[in-house]
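Trainee: Now for the letters of each chain:
Number of protein chains: 4
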Amino acid sequence: MDTVDFTIQNLGVASIRTPIILSNKVKDYVAGYVSDNDMIINDVTRVPGTNQVYTKKNLLEKAGPRDMIYFDPVKVHAAIVTCGGLCPGLNNVIRSVVMSLWHVYGVRVISGIRNGYRGFLPESNLPVIELNPDVVSDIHKDGGSILGSSRGMGERVTEIVDSLERMNVSILFSIGGDGTQKGSLSISEEISKRGLKISVIGIPKTIDNDLCFIQRSFGFETAVSKAVEAVSCAHTEARCAINGISIVKLMGRESGFIAAHTSIASNDVNFTLIPELPFDLDGPNGLLVHLKNRVLRRKHAVIVVAEGAGQEHLSNDNAGKDASGNTLLGDIGLYLKDRVSKYFKSEKIDANIRYIDPSYIIRSTAADPGDSIYCTRLGTNAVHAAMAGKTNMLVSLINNTFVHVPIQLAVEKRNTIDPEGELWRDVIQATGQPPLMKNV
Amino acid sequence: MDTVDFTIQNLGVASIRTPIILSNKVKDYVAGYVSDNDMIINDVTRVPGTNQVYTKKNLLEKAGPRDMIYFDPVKVHAAIVTCGGLCPGLNNVIRSVVMSLWHVYGVRVISGIRNGYRGFLPESNLPVIELNPDVVSDIHKDGGSILGSSRGMGERVTEIVDSLERMNVSILFSIGGDGTQKGSLSISEEISKRGLKISVIGIPKTIDNDLCFIQRSFGFETAVSKAVEAVSCAHTEARCAINGISIVKLMGRESGFIAAHTSIASNDVNFTLIPELPFDLDGPNGLLVHLKNRVLRRKHAVIVVAEGAGQEHLSNDNAGKDASGNTLLGDIGLYLKDRVSKYFKSEKIDANIRYIDPSYIIRSTAADPGDSIYCTRLGTNAVHAAMAGKTNMLVSLINNTFVHVPIQLAVEKRNTIDPEGELWRDVIQATGQPPLMKNV
Amino acid sequence: MDTVDFTIQNLGVASIRTPIILSNKVKDYVAGYVSDNDMIINDVTRVPGTNQVYTKKNLLEKAGPRDMIYFDPVKVHAAIVTCGGLCPGLNNVIRSVVMSLWHVYGVRVISGIRNGYRGFLPESNLPVIELNPDVVSDIHKDGGSILGSSRGMGERVTEIVDSLERMNVSILFSIGGDGTQKGSLSISEEISKRGLKISVIGIPKTIDNDLCFIQRSFGFETAVSKAVEAVSCAHTEARCAINGISIVKLMGRESGFIAAHTSIASNDVNFTLIPELPFDLDGPNGLLVHLKNRVLRRKHAVIVVAEGAGQEHLSNDNAGKDASGNTLLGDIGLYLKDRVSKYFKSEKIDANIRYIDPSYIIRSTAADPGDSIYCTRLGTNAVHAAMAGKTNMLVSLINNTFVHVPIQLAVEKRNTIDPEGELWRDVIQATGQPPLMKNV
Amino acid sequence: MDTVDFTIQNLGVASIRTPIILSNKVKDYVAGYVSDNDMIINDVTRVPGTNQVYTKKNLLEKAGPRDMIYFDPVKVHAAIVTCGGLCPGLNNVIRSVVMSLWHVYGVRVISGIRNGYRGFLPESNLPVIELNPDVVSDIHKDGGSILGSSRGMGERVTEIVDSLERMNVSILFSIGGDGTQKGSLSISEEISKRGLKISVIGIPKTIDNDLCFIQRSFGFETAVSKAVEAVSCAHTEARCAINGISIVKLMGRESGFIAAHTSIASNDVNFTLIPELPFDLDGPNGLLVHLKNRVLRRKHAVIVVAEGAGQEHLSNDNAGKDASGNTLLGDIGLYLKDRVSKYFKSEKIDANIRYIDPSYIIRSTAADPGDSIYCTRLGTNAVHAAMAGKTNMLVSLINNTFVHVPIQLAVEKRNTIDPEGELWRDVIQATGQPPLMKNV
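Residue numbers (the numbering used here), protein chains in the order written: chain Y, 11 to 450; chain H, 11 to 450; chain R, 11 to 450; chain V, 11 to 450.
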């Protein structure tokens, strides 16, 4: 059967009646339980010449409360960990997981692990935070994570599972991105190897929106909103100076989604540079000439550059990796600023160049209402999955439906902008930049 | 063939090469043209026991630039009209339509019709506004519509089409909700009857999110954000008074989407009342008793009520219709305030009741960045459809893909919250209210 | 001596050395103590023909830390009460008082009285809230008051002082407006009569800015900011409708400061109506004719009306008083809406009238940074005054200097807009309305 | 006479009746004209032992409309120029000046000079912008200046006055800071030398608040609000990392007002560093040790540093000057980041250091409502002064009264924070930092 890779792993038979009172009767105005047989299609593209979609690896299990659960709520010890860089909505997800465990299922032992996977390591000496509705009640109003975060340590799987065993944790909610979820996968496999009954539920967090099998990552919308504010300031600076050129560096190590969405939203960007699309600086079809022409014509310009763009221009000979295992990037923003500055000097054009890097201000902001709703629902559905005994999976949103996705699938490759797709087409139209700035 | 009802009508054969330079080659970093054969599935639910979805009426034509177009840009006279109540994003859509027509296709004659369909009627004496990039450049920063709006007149089809003929309009973009699009349908039919070659492209606008065949209506996200602010104030007022009870009336005539989303986002709401779910006020399972218990237990309460909720409690004997054809609703907010007030007096509980109606403040606000992106892309895709000679259709977003939808389909019935579905289940969980407040 | 009325009352000789380490040496980069002899001029107007100001009742004692204090911090029991309507900044003031008492002076017993003066009355059964830095640390991010509030009860002086005695309160911080401070005065007098050593320090709170001897009341700036947002929405609504007229009712029972400042800030208001200036509705120089002319000329209009304006048009025969002793006002907003509506019907002009009352949304908002700074400094200076044994006084800001003001002075009369002064002159210029809309 | 230095210069006798209809009658509800004899006291401090203030150089002429004016409105050509760095409120001031000239006095020729004083120089080839109510109507919603700005050129006095003569300018409004106003002074003197009748009215603009004889500079309040947002993000970043240390650099070349106000407003700052107060980094009473102790105790810290602070730590041997004549500063923010980083490494403490520089985002933002009111009133009063024939003066706010100040006075010295004054005392209390971090 071709859907095998999408099958969600279970810790065992769910044989306990859920405390949630719903009804599968219709027309009684009461919601029903979700069954493991409720599935949706992932890829909605029609197979040409048919009225059907592709069927290979295309069915996803719907999320939601099951009528029978695996864990006895009074015996559950749940743990929550937040890893990697900050992202709007972390506190909302924590809050939702705690509220759902406590109020919906009656779980009373919930531990917050401090500062990412590091909090599991004895050497770190980071005591857990006991979580309950009082503790989390107002945390969604603040950015960041009340648990703190840190990068890496996901590879110290043995010690982490030792720690889970020692603490008698029955459910681990790991909130994090690609690196974190690769860690979750290894942890899950180690748990399985040891024959433990610990559910590992990932909640995908990536401000760059670069995880596959998730329609939109939480915090992304808020990040774009804040980025638009920064671009608006950059535009003002550019317009008010003589030949003003503002360069705004936005997050996006391997995917330019924030840069692309910000550019469409703000209507003020003239050049958007993303990791997915190479570009030349010099030559008749290079960025610098196009920039000069724009400045001569309109007296100002705004450039948005994703942090992972144009890495081919930077000498990365000594490039190391950060604690999350990400390749350390050269700073394309400062490099661009320098190159643009030299170029305009060489062209004897008096230009005023401003460089703005709003990254910390973007990522530490509190979730906006759209992300707040999304985080609440992600957290709730993560709890439903965990209590039903699912494991080694992510909770996700696909085609506007909350679903379960095997972690393996989501970390196989990164989600990137298709330079030949609709989003990038609309960016090109919004900025008016050449479709490709490469000399032949 | 079972997809017949989804077929998009064309004015004729598209035989002019588009001025947009794209490429259907792969790996050349240039986006491709979209074909009428590119289709997606609408309903993603799996047919139980199969790996497939339902095939009846389930394929939608993808939106986007076609390689061949119907209209010669230099001969096009486009008209834009905005109808009905204000909604965040109207100016963004207008801006996007004008920018796309002008910069992408080279159209130079674009008329803004003033104050809705009324602007077509000679008696109104409302001159059109000549639109171009200079005029629309900054309008997205403001709420409302630079064209103004008004309700009704969509039934004066003959005169409107007379006016379109007189003005030699080739494309009409009608931005509006259910009533407006019913008007668009009639106009389109009258055009067809007269054998005219005028494309009618609807851009669905409904702050209530109550149109079918659209994943999310523009302005909805912004409206929820503003509603969350109002609820936050209501919550503060309630908490700071002795037995404080705040009642917030939100928009939602036939659908409680704004009320539902706001309740999940704000985490402060205790009772959400929507048109889709009847409720009793009195009796052992009525709202008033539940409210009293909440107030006695927690000393304050917040109620969010959609304007169309609980109409069964209001005597609508003389209920008329407004100019859009909507039934005039009794004011459930004031009614609730009065009933709650009397009830607490009769129970001899000293309660402080505040009533907040933020509707005008919500609907006249400027679009947030998320809606800004969406409006830009809706407008662009509307222009692609129009230039290709499509007509009698709406541009829409389904499963995160921009598509074409026959107007007929979208206005057949209203989109409402399924009280047995996932959204409402999550609202019940967020508020902690009884699933159903009805006495047997 | 003509400054007698400005003399601040002391509980006794301040004979304890303050724990605050400052230095009156100059050029040592350390701030100095403030002395009771440090005074500033209140009224800065020059006496014509001289180089001096008026000297009668014109000197105010500067606020700030004294080198000798009256109370022994380890024996102090401080109480804080917030009374009357909500106002941005209440939590900031509470926070500042607690932080200053705790961290600066080492006071460890601080009680928050619940729901205004009512919290002192045994019948209310409202337990006090124990306050300390942990409790107040984040409260400034929220609107409202963590202590709650209520109107009235200030006249039950005997019981309140009984309660203060029973609790062994040494300092009472009363945060409230005119009615509250009249209560503080009576309480202070009763304390004096009983020979108790309880300091009563008022912190003036009036969102209407209607207290005398205070340059600007806290929360006022924030209130104007939120009011400007509401007016911006009203303007959008008016512009987008055919002959759109928006009426915004703002707070201001006896003083139109919010209405006046909002009108200048927003640049969108055409008519501002305040309690200080009578106006006619009918007749050749009445509001209605001027409004009609404006609408005919510009197609829309925005009216801002303070809640206390135009009371002469409302029949107040049965007007009672609210619990704060304020005369209950007729609703000028609804009255205006009704009169404008009838007038335009009688003139056969199709007008679209919207009525917006954003009061609850304005007053329950959190303090903006400007008010945050101000509240912090008011609270700190209130604590300095209390610890020094001052009583029966308000802490205030005059000519940008924090000062002590006898309560008696501040409650003698209300602060109002001088219709012949500079502020109103600038409003008239901003709105373009006739200086006086009265028929002779 | 000891007020001589405060005397405002006039171009000649004001002999034309103003078109503004006011009335000096009392109780007629109509504002009166202001006379040159209306004066207020500047320094409100009491002379010890008296009931009076100091009289030397202490009287300022009140601003406002005079009954007789010098210029005939129909013959006036007014010019407006904005110089130096961006500051919130520039567009509001421009708008107010244009609206007042046009609507209040009937002036019809108003030129906007492009890009600062540079716009006067023929070589710049920058055409003027013709200003009128239509052009400026909505500009206050945007940050920046529609005229653009640039630094310097104020010393090319002869050419600027040549240009004024050539253009027949009768009034020059120069909006700018210390450098700009020194330019205005020279221009004014050159005009006087040539016997021209050109009024030069300065409108003080300094986001750093470092001009004397002005209670508060416009844009300052907005700047602090934005800075508070950045600090809030810095605080979140610091709290969520292991031993997180955030360093925020704020504007303030010679005065730490933004840093000081932001620190009080945000309640999250632990160390505030300003130009007025030297500090050591090393040693037992140096910043680094205090920072380490804070981090060990509380696990995170936030440092706010004004750009001009700690310059003694940077080697400025080659320090040049920017085009405004300001000494180029070393980057204290990056220096601190580097020193803190090295110190914690040497102490073997694993610290996470973030550096945030939000300057461009702060200065290019639009004015908040408080600044909007202030800018409107500054602009109006500048116009009244100009039309009355005043020259070589600034319009200013002192003791909450709009006044006229000779430019000479305002540029004599910079306004700085008194480290022994009340503001800094309150900062020390808010941050809890040592009063002085200097080793003896």
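In case anyone wonders, no lab produced these hints; they're calculated from the structure.
Given the structure is predicted, the values throughout are model-derived calculations rather than measurements.
Check each hint, because a few of them may be wrong.
A pair holds if it fits inside one copy or across any two, identical chains being indistinguishable in the list.
Derived lysine to aspartate or glutamate pairs resembling DMTMM-like cross-links, with alpha carbons at most 20 Å apart [what the hints assert, rightly or not]:
(1) K85 with D53
(2) K355 with E430
(3) K358 with E133
(4) K358 with E322
(5) K67 with D53
(6) K66 with D53
Trainee: With 20 Å as the alpha-carbon cut-off, assign the pair K355 and E430 to within, between, both or neither.
Mentor: So K355 and E430 fail the 20 Å test inside a copy (35 Å) and across (47 Å) alike.
Trainee: At most 20 Å between C-alpha atoms: does K66 with D53 qualify within a copy, between copies, both, or neither?
Mentor: both (10 Å within a copy, 18 Å between copies)
Trainee: Since the copies are identical, ignore which copy is meant and state whether K67 and D53 lie within 20 Å (CA to CA) inside a copy, between copies, both or neither.
Mentor: Both: 9 Å inside a copy, 18 Å across copies.
Trainee: Give the relationship of K85 and D53 under a CA distance limit of 20 Å: within one copy only, between copies only, both, or neither.
Mentor: neither (39 Å within a copy, 40 Å between copies)
Trainee: Between the shortest in-copy and the shortest cross-copy C-alpha distance, which are at most 20 Å for K358 and E322: within, between, both, or neither?
Mentor: Neither: 27 Å inside a copy, 36 Å across copies.
Trainee: Within, between, both or neither: how does the pair K358, E133 come out at a Cα-Cα threshold of 20 Å?
Mentor: between (59 Å within a copy, 15 Å between copies)
Hints 1, 2, 4, counting from the list given before, are not met by this structure.
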